[in-house]
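Chains as they are written, first to last, in the numbering used here: chain A, 1 to 462; chain B, 1001 to 1462; chain C, 2001 to 2462; chain D, 3001 to 3462.
If you're looking for bench data, these hints aren't it; they were derived computationally from the structure.
Note that the structure is a prediction, hence the values are computed from the model and not measured.
Each hint should be verified, as a subset may be incorrect.
To be clear about the criterion: a stretch of chain C counts as covered by chain B if any three or more of its residues have a C-beta under 8 Å from a C-beta of chain B, and this derived list gives those stretches [said to hold, decoys possible]:
1) 2336-2348
2) 2422-2434
Quick list of the computed label-pair ranges, beta carbon to beta carbon [to be verified]:
3) B:E1398 - D:R3456: 45 to 51 Å
4) D:D3420 - C:D2068: 36 to 42 Å
5) D:R3152 - C:D2068: 45 to 51 Å
6) D:G3375 - B:A1364: 21 to 27 Å
C-beta: ideal position from N, C-alpha, C; glycine also.
Protein chains: 4
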Amino acid sequence: MPSSDRDSQGDVFDVGLLSPVSVNEEQLVGDARIAAAMVEVEVALARASARAGIAPESAAAAISSALDGWQPDVAELARLAVAGGNPVIPLVAVLRGRVATVDPDAAVWVHRGATSQDIVDTALMLVATRALARIDAALDAAADGLVQLTERHRATPMAARTLTQQSTPTSFGLVAAGWLLGVSHARARLPRSLPVQLGGASGTLASFVELGDVASAMALPALLADELNLAAPSIPWHTRRGPVTELGDALTTVLDSLGVIATDVATMSRTEIGELSEPGGHGVGGSSAMPQKQNPVRSVLIRSAAQRAPALAAELHRSSATAGDQRPDGAWHAEWPTVRELLRLALGASALARELLTGLQVDADRMRENLERTGPLILSERLALALGPRIGAARVQEYIDRGTRGENLVALLATEVAADPSLADVDLAELLDPTRYLGAADALIDAARTAAAVLRRNEARS
Amino acid sequence: MPSSDRDSQGDVFDVGLLSPVSVNEEQLVGDARIAAAMVEVEVALARASARAGIAPESAAAAISSALDGWQPDVAELARLAVAGGNPVIPLVAVLRGRVATVDPDAAVWVHRGATSQDIVDTALMLVATRALARIDAALDAAADGLVQLTERHRATPMAARTLTQQSTPTSFGLVAAGWLLGVSHARARLPRSLPVQLGGASGTLASFVELGDVASAMALPALLADELNLAAPSIPWHTRRGPVTELGDALTTVLDSLGVIATDVATMSRTEIGELSEPGGHGVGGSSAMPQKQNPVRSVLIRSAAQRAPALAAELHRSSATAGDQRPDGAWHAEWPTVRELLRLALGASALARELLTGLQVDADRMRENLERTGPLILSERLALALGPRIGAARVQEYIDRGTRGENLVALLATEVAADPSLADVDLAELLDPTRYLGAADALIDAARTAAAVLRRNEARS
Amino acid sequence: MPSSDRDSQGDVFDVGLLSPVSVNEEQLVGDARIAAAMVEVEVALARASARAGIAPESAAAAISSALDGWQPDVAELARLAVAGGNPVIPLVAVLRGRVATVDPDAAVWVHRGATSQDIVDTALMLVATRALARIDAALDAAADGLVQLTERHRATPMAARTLTQQSTPTSFGLVAAGWLLGVSHARARLPRSLPVQLGGASGTLASFVELGDVASAMALPALLADELNLAAPSIPWHTRRGPVTELGDALTTVLDSLGVIATDVATMSRTEIGELSEPGGHGVGGSSAMPQKQNPVRSVLIRSAAQRAPALAAELHRSSATAGDQRPDGAWHAEWPTVRELLRLALGASALARELLTGLQVDADRMRENLERTGPLILSERLALALGPRIGAARVQEYIDRGTRGENLVALLATEVAADPSLADVDLAELLDPTRYLGAADALIDAARTAAAVLRRNEARS
Amino acid sequence: MPSSDRDSQGDVFDVGLLSPVSVNEEQLVGDARIAAAMVEVEVALARASARAGIAPESAAAAISSALDGWQPDVAELARLAVAGGNPVIPLVAVLRGRVATVDPDAAVWVHRGATSQDIVDTALMLVATRALARIDAALDAAADGLVQLTERHRATPMAARTLTQQSTPTSFGLVAAGWLLGVSHARARLPRSLPVQLGGASGTLASFVELGDVASAMALPALLADELNLAAPSIPWHTRRGPVTELGDALTTVLDSLGVIATDVATMSRTEIGELSEPGGHGVGGSSAMPQKQNPVRSVLIRSAAQRAPALAAELHRSSATAGDQRPDGAWHAEWPTVRELLRLALGASALARELLTGLQVDADRMRENLERTGPLILSERLALALGPRIGAARVQEYIDRGTRGENLVALLATEVAADPSLADVDLAELLDPTRYLGAADALIDAARTAAAVLRRNEARS
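All chains, full assembly: derive it from the sequences and hints.
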């Protein structure tokens, strides 16, 4: 890794050094892409205006020709954004200058009738749409990994744990099925399409009416949506921020579903539990101090992302709830970095989850070993249900208490059964076999897989 | 107001003294109702177990007879909840004792096979379902009020404001239409049904399989749901908390939609703006120090609720993202007071919003007066669009700058028009009439009303 | 537990059913105490006004006589609070009526010159002051418990864990010393005194100047503070909410310090780790379904509180940052339930922490057993440091890698040492003894204890 | 603004495009500076180790010579950070390589004995220390601006506003004095010094003991602190995150104090109020659509920052409360981007506040005009206090009610006074002059200035 010239790094704001969870996935939502999307929106607006009969065809053509695929100097743009409080004001000046070199008469048609919010909001929706496709694909692959885990471990018993203590047996297949359903629900909640924002200065479309008429102005948002492959809103949403909060809630729900998986993997890969381990290779999970360690690093990073997401989504709701006037005095600005950070976290965590879940190592022997650690006490509930009606609940509890204090519960029960002819039908070996107390685990796995498949089908269809 | 005996208030934990927004609406979600719902769930479980062939009919009958409509001493229950960390453990003991007086053999069938989480989660969903119906009804009435405002003020011009400054004209009808659509979207997002939770100790239904068989255990959640008029989940959601986070997100979205209305009402009723005022009467809005004041107290209280909601919803996501093991060590417990507080805020704010929006006073004269305060400058955008192509953008900007500095813009423009025969067709009076620059406000109102009606229809149908 | 009459529970808003962490500690901050504190503040204001020469002595005497220790009907007060948006307006009416029965002329002197915010803010500070004393005492006892743990387990080795994996050895005494220092810092940050709020309608003290003069008005806040044993602020803080946010930050820091302890206890008491267990007895930690379980219920409840606190403290900052005008339109109201809930969580969690830390069970054998589970690999860092310079870092890493893959690391090293005469001085047994690699644990324990003692001394002195 | 080559922007992650509030101030805390600080910490550790007698002087000299002021390729480093979950692992490899070219024997002494957390935590504290100095300087200048405003407008009356409604008169000097005291308190709360973190793999300093002895290991953190001009902690704070949460709380408190100023400026510069306006010039505050507008853009950006800060500080508390084990599995990682973002927001907002407060335009005429808008009713409180005892409270209230309904209150009172000889001493003109009802505003300004000066002096002294 060569050092680069210090001066050339003078502009370095954030390259992901403190965000390892998302650094490899940030390309889709970085500032360069946001700026490029703003240019795309301005071009699309010119084209849509021409289609609506509001702008001359020639202006739209010149704007397209001058700006299609053009990328502004984004660091410079960021600096110029301070004076007006948003990057569109300086961007428009640059774009008009560039268009003027192609066709001076067309320059005025750049951004004509629009307000900064139209461009920022629509560009963010465009970038989000592309990020969502990638998140969705990663979740799809992660879900495939989960289906495999579910099937491979249908019959792998393990100790369930509640409030940190072993409770009763379960199967790892059922645990994975729960993860699968969580991811499937989260995926199903991702917005299918995001809307363009177009309202002009105050959301009345007055400028477009002035340039055309009511009919063409009313047609314009849908035409813009068509140009950008986004949805058309019923009316401008400049101060009705549902599209933003729904996006935030959905991304957070994705991170919830991955966070709970990462939490379980981190716990189950603790040295003393050792039931799961992350896929290794290429120095993944190494330590700077302890050469023997293999850290569950993907789970750690996913957890760090999942922890941060809810506050970001809440920030979007706060902005939404105070989006007063026809453009609020701060709440809107607080949305921009927030929604982008949520996209980053979801992109990063979903990519790591795909790696994690398609390569997760399961140690079924260790699961069995841990399950047997609590001995027959892990079947206390079953004993109470099965023997309670036969010998009395109090007596069962007494045996369990003695077992908890270290006595040999199997021997105690064997003596009881031997002494009581009415218990001749009791098969203690079966009763105390943890793998015979998995309940409806198998049927629940089927139910979860069916539910996940239905969610996926509905998603594909919509 | 008589004083009550101090001793009898020893148990007073929270009667709403610090929560005026929700005090009048709390009946549906208070601790008494939560405790009653827990009893309901236990009764329903016994009935469902009998229907599934797991429990004897006679036990279910005895449990129903002993517990239907019975209300435990909730303060005592709260105190006893500390030892086990949840109120179900002491509740079950009380319920069994009560059932035993009716039928000693039935007592063991109270809570049989269930775990505390099954009861707490299902009871909260039951209480939430009832609260949602009331919230929905309040929002329906509020939406009716908004429809009236929208229609009554279709043609009421007012100054739009962006970043606190007057921008261009709009109509109050369009502002109200935006509020209406926000409320309509939020309503449409409220869950249509909430699921029961039933998984037994670790989510495998093993206890119910032990008592019956896999088929009866798998049938049980749907039977319980049927008893309680709730939905049946595909599998237990003990560590997959989507039902809780979706509820939280939806309630927060309701509060967002009301918060933005309250923010606008608060601003527009400022002494210096005076365009809106809250319905008065019965001392509403009075001050303890200033006898002349009429505060927009409903808006203030709604805003206080809307401010608090996002952090509560975020807490639910945080719990969801860390719901590890088969029951987590703290995250689940953090949900209970959080989801209830969200219900309270939404109940209170929606009730206040109904009052506010069915009685809001609109001062159209004051709107017109404020609109004229900026004079012709509020039409600067229009002047730029209309005259820019005729006399050049720079010249229009120069006039606007001079107007901003205090010169008479109308006179300046009149001189320009008079001096230039090519501008003979320019109707300055029309151009500078703010009521002629409302853009597509009317069509947008129609679009918003249509969208709101579609959302309402879909809701009713589902 | 008898059932109480359902009707009499109609007013039940919240008795702590969903907040087991705080139910036993709520007496100090419940609505009854808040209401009583408001009465106290009104009485103190009358007395202070008399001392300042603003109010007649006779009025102050009558007010004291009528209201000292009097407790209003708090549920009724809560309901009446809605119309004006705060409980002071109806309270003043009740208090004046009550005083009038003693001395009609004195009634007007109740609340005279004050505004609602003066009373609400000061009453909350009064209640907070009393709660802080109790929290401080609980933390003091918890710290004593930690000192004992630290000393008793100075020489108890255990495996340190980083990113869930065993890393190197440490001692449980050092872990406890870290907890102790955390609690000590948090305690030191608790405010020593909280200020009264007194500014009149808009923070100018104009009403008091009207009733007296500038000098008496300026003296009044300090006199009020003296009456209530609170601090006097330099100027009113109606829109400068530092006293509230500092309180919130300090309470959250207390909960942080307890949360990390609870997190460690929960982890270390996992069935598979089993190094710590909570003090039992009296059914604490029982389960409704699994008769053998002993849950770390105090840790679970402390964790649930610690999880919720940061969002509450953040809400106070949000209110502070938007406390505009001379009293804001919602932000102030959002503070009340928030600051009280934080007090509740800190009261409850500190009381549970005292129980937990004065009775925590430490299983030193299990710690040793777990420490040996990783075998000599837990000393990899030491091997690299000690042998790297002798045989080369690459060779040490090779041995560690082979050990990680299951080879006998001790045997490998023994062979190496035996084969190389230059390693004759290497004492492998010492090198691989985890209890000989505790670093400066002992000295660090001393340093932590000294720092904790200094923090405590400073606190006592101030 | 030239476009730059698209390819060269491939690495663009975040250059501040969506964060106009902080873009101009980010240099101190950007990723380049974080990476440089990490190198600085590694160099300082080598020097401190040599001073402690742990490392050879020659190694420290070689490391200094090879790395002093050297800047790694930060984008590459960010990418390589993913595998191990933090950037130190790849950084150490690079640094060792570079040192090896100077002195092969010295390479091993880079990072020797340290763990990644030692470097990341200390580097963040180093960067934070430098940012704090800049924030402090900006606040100092802002406070100077506030002192000027306070003095210049001691006698500038304006309408106080509570719950959006004009309440009683106040002075703008007093409002500014409240702002000043808020900023002064916030400044005083900024940490005077931040600690280095040094504990080795698990916080026992075992590696340094291995390399030296207990005494040298215990001396090392203070030597490292001395090298970096940071503070020495009593013991490592790897899982005791008070230094981070206190920093976060302090930064948020700064943003609170600026947020409330920005909120007031935004409100008071509303078109209809017009009492304040931001300093203009250089296109600051322009709009992309409305050529006449002058937006309070600094206030808007400060508000957007102040809104976001509390959730970030809360995230740090959440990490602190769950910093389990000897390094937690996600909570620590969540801190890094969070603390940096808080620094950015405070840097940006304090710089904007300095501009805002040293150039704020105050329109005293408009304040007077608005004050007179409510007419004599704004003195209702005074009338009640002054005339209540003379003619009865009910009669005063009756006049006020009639005034509220539009009757001429002055005339009504004049008639009353004229008709009642006992009121001959009542000077109605004085009584109804809003500038004569400023209470203790002047004395309060003095008190605030004194308190602010004391806070500043204490800060300077410490």
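Status of each hint after checking the structure:
1. 2336-2348: holds (count 4)
2. 2422-2434: Violated, because only 0 residues of the segment 2422-2434 of chain C bring their Cβ atoms closer than 8 Å to Cβ atoms of chain B.
3. B:E1398 - D:R3456: 45 to 51 Å: holds (47 Å)
4. D:D3420 - C:D2068: 36 to 42 Å: With a Cβ separation near 39 Å, D3420 (chain D) and D2068 (chain C) satisfy 36 to 42 Å, so the hint holds.
5. D:R3152 - C:D2068: 45 to 51 Å: holds (47 Å)
6. D:G3375 - B:A1364: 21 to 27 Å: About 23 Å separates the Cβ atoms of G3375 (chain D) and A1364 (chain B), which means 21 to 27 Å holds.
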